[in-house]
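Colleague: As a plain string of letters, each chain reads:
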Amino acid sequence: MQSTLMQGGMDLMLYGMGTVFVFLTLLVFATAATSSLVQRFFPVDEPPRIPSREVPAKTPVPPDILKAIQTAIDRHRHRH
Amino acid sequence: MQSTLMQGGMDLMLYGMGTVFVFLTLLVFATAATSSLVQRFFPVDEPPRIPSREVPAKTPVPPDILKAIQTAIDRHRHRH
Amino acid sequence: MQSTLMQGGMDLMLYGMGTVFVFLTLLVFATAATSSLVQRFFPVDEPPRIPSREVPAKTPVPPDILKAIQTAIDRHRHRH
Amino acid sequence: MNNFLGLWFDSGLAQITLGQLLMMAVGLVLLYLAIRRGFEPLLLVPIGFGTLLVNMPGAGFEAAPVFDSLGHLESPGGLLYYIYHAGIETGLFPLLIFMGVGAMTDFGPLLANPRTLFLGAAAQFGIFATVLGAAGLGASGILDFDIRDAAAIGIIGGADGPTAIFVTSKLSPDLLGAIAVAAYSYMALVPIIQPPIMRALTTPAERQIKMEQLRPVYKLEKVVFPLILLTLVALLLPSAAPLLGMFCFGNLMRECGVVERLSDTTQNALINSVTIFLGLGVGSKMSAEKFLNAETLGILTLGMIAFCIGTAAGVLMAKLLNRFSRHPINPLIGSAGVSAVPMAARVSNKLGLEANPHNFLLMHAMGPNVAGVIGSAVAAGVMISLVGG
Amino acid sequence: MNNFLGLWFDSGLAQITLGQLLMMAVGLVLLYLAIRRGFEPLLLVPIGFGTLLVNMPGAGFEAAPVFDSLGHLESPGGLLYYIYHAGIETGLFPLLIFMGVGAMTDFGPLLANPRTLFLGAAAQFGIFATVLGAAGLGASGILDFDIRDAAAIGIIGGADGPTAIFVTSKLSPDLLGAIAVAAYSYMALVPIIQPPIMRALTTPAERQIKMEQLRPVYKLEKVVFPLILLTLVALLLPSAAPLLGMFCFGNLMRECGVVERLSDTTQNALINSVTIFLGLGVGSKMSAEKFLNAETLGILTLGMIAFCIGTAAGVLMAKLLNRFSRHPINPLIGSAGVSAVPMAARVSNKLGLEANPHNFLLMHAMGPNVAGVIGSAVAAGVMISLVGG
Amino acid sequence: MNNFLGLWFDSGLAQITLGQLLMMAVGLVLLYLAIRRGFEPLLLVPIGFGTLLVNMPGAGFEAAPVFDSLGHLESPGGLLYYIYHAGIETGLFPLLIFMGVGAMTDFGPLLANPRTLFLGAAAQFGIFATVLGAAGLGASGILDFDIRDAAAIGIIGGADGPTAIFVTSKLSPDLLGAIAVAAYSYMALVPIIQPPIMRALTTPAERQIKMEQLRPVYKLEKVVFPLILLTLVALLLPSAAPLLGMFCFGNLMRECGVVERLSDTTQNALINSVTIFLGLGVGSKMSAEKFLNAETLGILTLGMIAFCIGTAAGVLMAKLLNRFSRHPINPLIGSAGVSAVPMAARVSNKLGLEANPHNFLLMHAMGPNVAGVIGSAVAAGVMISLVGG
Ligand code: NA
Ligand code: NA
Ligand code: NA
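From first to last, the protein sequence lines stand for chains A, B, C, D, E and F.
What the first sequence shows, in the working numbering, is residues 37 to 116, in sequence order.
What the second sequence shows, in the working numbering, is residues 37 to 116, in sequence order.
What the third sequence shows, in the working numbering, is residues 37 to 116, in sequence order.
What the fourth sequence shows, in the working numbering, is residues 9 to 397, in sequence order.
What the fifth sequence shows, in the working numbering, is residues 9 to 397, in sequence order.
What the sixth sequence shows, in the working numbering, is residues 9 to 397, in sequence order.
This is chain A alone, in the form it adopts within the complex (with noise of 0.2 Å):
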């Protein structure tokens, strides 16, 4: 019973570990080959977005306030 448990655990280990890099080595090359289609294929698609240095925020300031911020702006500058 005892050995069965630690043989259940090695069985764990390797095959969970086998799994896990199996997998993500895969996920490499499939990631590696969907990248190099889109640069080769859809290359103009549109500008590609740097990623920013900075963790984004989590809650964005939705673009329609973004919007009504602006106007806010423009309409304000407009008085002057």
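Everything labelled a hint here was simulated from the structure, so no lab data went into it.
Please read all numbers here as calculations on a predicted model, not as lab measurements.
Keep in mind that the hints are not guaranteed to be accurate.
[What the hints assert, rightly or not] Simulated restraints on C-beta separations: (1) D:A71 <-> E:D182: 46 to 56 Å; (2) D:S333 <-> F:P199: 47 to 57 Å; (3) E:F75 <-> C:S72: 51 to 61 Å; (4) F:D152 <-> A:Q43: 13 to 23 Å; (5) F:L36 <-> D:L30: 46 to 56 Å; (6) E:L30 <-> D:L29: 48 to 58 Å; (7) F:T211 <-> E:R45: 49 to 59 Å; (8) A:L62 <-> E:G27: 17 to 27 Å; (9) E:R45 <-> A:L73: 12 to 22 Å; (10) D:K327 <-> B:A69: 32 to 42 Å; (11) D:A302 <-> B:F78: 54 to 64 Å; (12) F:D152 <-> A:L73: 49 to 59 Å; (13) A:L62 <-> F:P199: 30 to 40 Å.
Beta carbons are placed, not taken as given, at the ideal position from N, Cα and C, and that holds for glycine.
Fit chains B, C, D, E and F with the ligands to the given chain A structure using the hints.
Modeller: Same frame as chain A, now just chains B, C, D, E and F with the ligands:
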């Protein structure tokens, strides 16, 4: 069996279109009646709203935020 | 039967008002004790907040939006 | 032709009863009060509309789902059936509302002046006097109330909607519609009910009493308060724990300063969603057989009396405290002890300004006001403990 | 070694069927249409992703929970199982969506020109003509449709997603995936489907008709309208009450002006959450055996026909109305009666501008557009009443 | 008098056990850590408060509902009973959290440098080494762990709260409280646990390695990535599909750019609401008999070891990759592979700046950081597949 099915479809169409027209006709009359009642008996209740030309934005800027913007603008103007 | 009902109501009133007063009295003492503990042992923890005269707005403008407004104002000022 | 007859017999006109017509009128009156008169619209708009929905003949909003013998759904239930049984019968919706109310409550004024808790305690006398009244009506055979009904009716005097709904759904669910309507209506009527009583029980000199400026309150006091309250509940009155536990949880989220995201959702999307469903679910109990009877009249009358007695008890307790204290208390803030946050505190403020245009009582009255919420929840716990078994 | 074999036999590659592969391709196509072509992405992204999830071999998204003989949970169900059975089978999600749509709908243009309700009525002819077509295909033995299937298919012509899902989940749940996909796809295709029909049925002179400026609408008219609509439903067609009742409730919250908090949550957090779950739940019906068959082809074809007939009926009704009215109606707004809010109204506006660059029809077309929502819900009520028993 | 005795015997003081007192102290400690020390407050505030609630004697937060023989509700269950059984036992809450986390995750840095996925893979060694440790403790009879317990304990090393809760609720629900507390506490302790290990395993020269600027990433790459990930899951490891499926769904909503409404609600109202309930529900498993035992000590110790091993494995893998690559990798970013987003990445950044004030590693470390989330979910899938049957 088959003809029953066609008969069911015909019934649905007749009763369906009939009900739709009866219902919406009654709604036309009820609405028109209410509107004239409102216009006659509660006319100065408040200034009527003219429907705007644009489809309204689905998520308008909440009033408290608009107020905050206004406040920010006002404060800004004072500082000039 | 009837008198049982009245008796139940009397019981409820006595035990109820009793419990309410005992409970809230204990809460008065516990609160007062805690407050004096806090004022004695953690006094400079941070500047105490003076309760404002107004009932606070229930949905304040989120800080990120305030910041966005501030940013917009600042940017606007620079452009002048 | 059969189909056509079917459509007709299905139609509302062929099925409607007088009771349903009258209840739809009741629903429209509730909507009118909420929309045009501003009676607690957040609850009375959904309750009023729920009343309309549940009394539409043949609409099946309250229908129970039907399952076949294997447990498969044959016909789904109505929307209000699901709302009532999932959220009100289980007590979940009132508890979530209480969490939201906790997250919206600022205990600062109470912490600055804890004696105001006594005012919140005294105002609960309205609850228990009304219990006695309802028990009397039941014992004398005038109305059909037992002790559970009497307890649920009394809680109207707590002037606290979710507490009333929570207690009633446990003790006397058939009275839920009438009791919720009475509770919210009278909360809205506080500016009309309370002033005459407050004026009658105070002298002009008392009304002009100026209270000392509230001391500043440390953040730590505010963080610790919900935990102290919870500890007392745990030790003394576990039957009040669901209501006060969720209330304290919401308040801790508000004050601890590290979970603004959660506090914000609790105060907005979550409480708003639950409020809609709570109101509709209460509306589902507004059927003719449950509402159009003498008991409802009794409930409305007793509820009004409860408010009046609670108001008076709060004012008198403030006068009593004044005798024993060197810090003056304006008795006008006693009436705020019934809760009805923040309406009752505003009434205190208004009467204070009438007596002396420089006498701002609002923040002073917020103390008994939130104390009244705690007091009613304690009273609710006693009732559930004593008659809810 | 057994473990390793277990992992392999558990793996998707060893289990996948051709049907599942094809359905995953269908899911990807839906995502492509939604993301790159803008086909109603709010629904088709969740539906498409739900299609992927439910067709992953061995993932168990649709698994039912297993209980032991004492009622304890042995193994929980899959996410989509719970979503489907809690929200779609019961009708709750479509009803909550309808509440949100009501809170987003402005009846101003309709109230300014109530005659446009007739256009919304006429466009429902697409629904019933398609019922007849589906019944014909069933009767002739070409496809396996009974009268309930036919009714559910017809409702595609209502161009209203939640109505279609509500009716189909009641009448013909196995067709839910195909019908929802058809309804939302064709709603997205309105700018392609409608213009040729509109041009074919109108003369250039008709397309240039300039309509009178809409009169201003009082707030009170807007507040009262949902109550009037509800009253008519209560009296005439209770089987349409769930859909139209929640629609009116949402609209009343919007217009009454005293529950902005609730209206705001209804239009945002609540409808967004429910939309995600509704889409995923519909996706759970996108299995190969239910979607990859001749019936789906029939549904897609019939749905397209329904849209065309509805469009034509709306335009022709506008021309008919023009004969009897001194206030001119541009027949281009008739097509907006199929609903597909606000896409169809925008199409009317675009064709109007083509004919005359100063002819703005958008607000005029919003009247029949929202009338079409009411019309479809009425049609849904008739169907549920007649064949849903 | 009976009533009075009843009130007393109902009271908490008369019923409280030593275990409950101790657990309430545990709850207060969790709240202290969350509020004053900033330990993952979004989860530990609700968990800590849930611990207080569930250990209040007689409060009934965990009570099951009672039905009579006809299936009518006699007495409703407690709030935490409903939360646990509806949201945690079914797995719904962790899955919804994962959807929200997906909607908050930016895979840009990972796509710019996919090799960092290997770091996320290596760091999962902490999980499996701990499984072995727990199995050893069980096999030697020191603690009472079976293989399912061992697997659940190991997952603490994944440094991912919802994954740990999802796996534990399936494999070993009695350990849920201890495992969730360990997982979130150690995630908060990452800035203390990791740096010594990172310094011990790297030379100053290695810590100063400057990495190449990340290349820009196309929007299309970001849109396609969740679909690729989902496809791999579907083909290879369906038992990881629930977690990763919802994660990919959330991420697709974020990146596809056409459903901002849904993405926004997913990242705010929805995930916040579910977080509150998830925390309370986990708290409901914090009873004395489940938490106050030697196994909990073992879990806390093993969890700590898991974090250390995972950190070391990530760093060592980075050094290994450096041998075979011409693009330099700073081994400090290897530790971010344990996930604990974004804390671990910030730790990498901090140590990088210590070594070289111009060496910004934050964005580079975000790659392994999010890779660690995927890695843990894959590990979770293996465990559910192998021992969850
Ligand atoms: Na009260
Ligand atoms: Na329609
Ligand atoms: Na991880």
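Colleague: Next step is simple, just say for each hint if it's right about the structure.
Modeller: Against the structure, the hints come out as follows:
1. D:A71 <-> E:D182: 46 to 56 Å: 24 Å, violated
2. D:S333 <-> F:P199: 47 to 57 Å: 51 Å, holds
3. E:F75 <-> C:S72: 51 to 61 Å: 55 Å, holds
4. F:D152 <-> A:Q43: 13 to 23 Å: 19 Å Cβ-Cβ, so the 13 to 23 Å window holds.
5. F:L36 <-> D:L30: 46 to 56 Å: 55 Å, holds
6. E:L30 <-> D:L29: 48 to 58 Å: This hint holds: roughly 56 Å between Cβ atoms.
7. F:T211 <-> E:R45: 49 to 59 Å: 54 Å, holds
8. A:L62 <-> E:G27: 17 to 27 Å: 25 Å, holds
9. E:R45 <-> A:L73: 12 to 22 Å: Between R45 (chain E) and L73 (chain A), where Cβ atoms are some 21 Å apart, the hint holds.
10. D:K327 <-> B:A69: 32 to 42 Å: Distance hint for K327 (chain D), A69 (chain B) is violated at roughly 58 Å.
11. D:A302 <-> B:F78: 54 to 64 Å: 37 Å, violated
12. F:D152 <-> A:L73: 49 to 59 Å: Holds - the Cβ-Cβ distance for D152 (chain F) and L73 (chain A), about 53 Å, lies within 49 to 59 Å.
13. A:L62 <-> F:P199: 30 to 40 Å: 33 Å, holds
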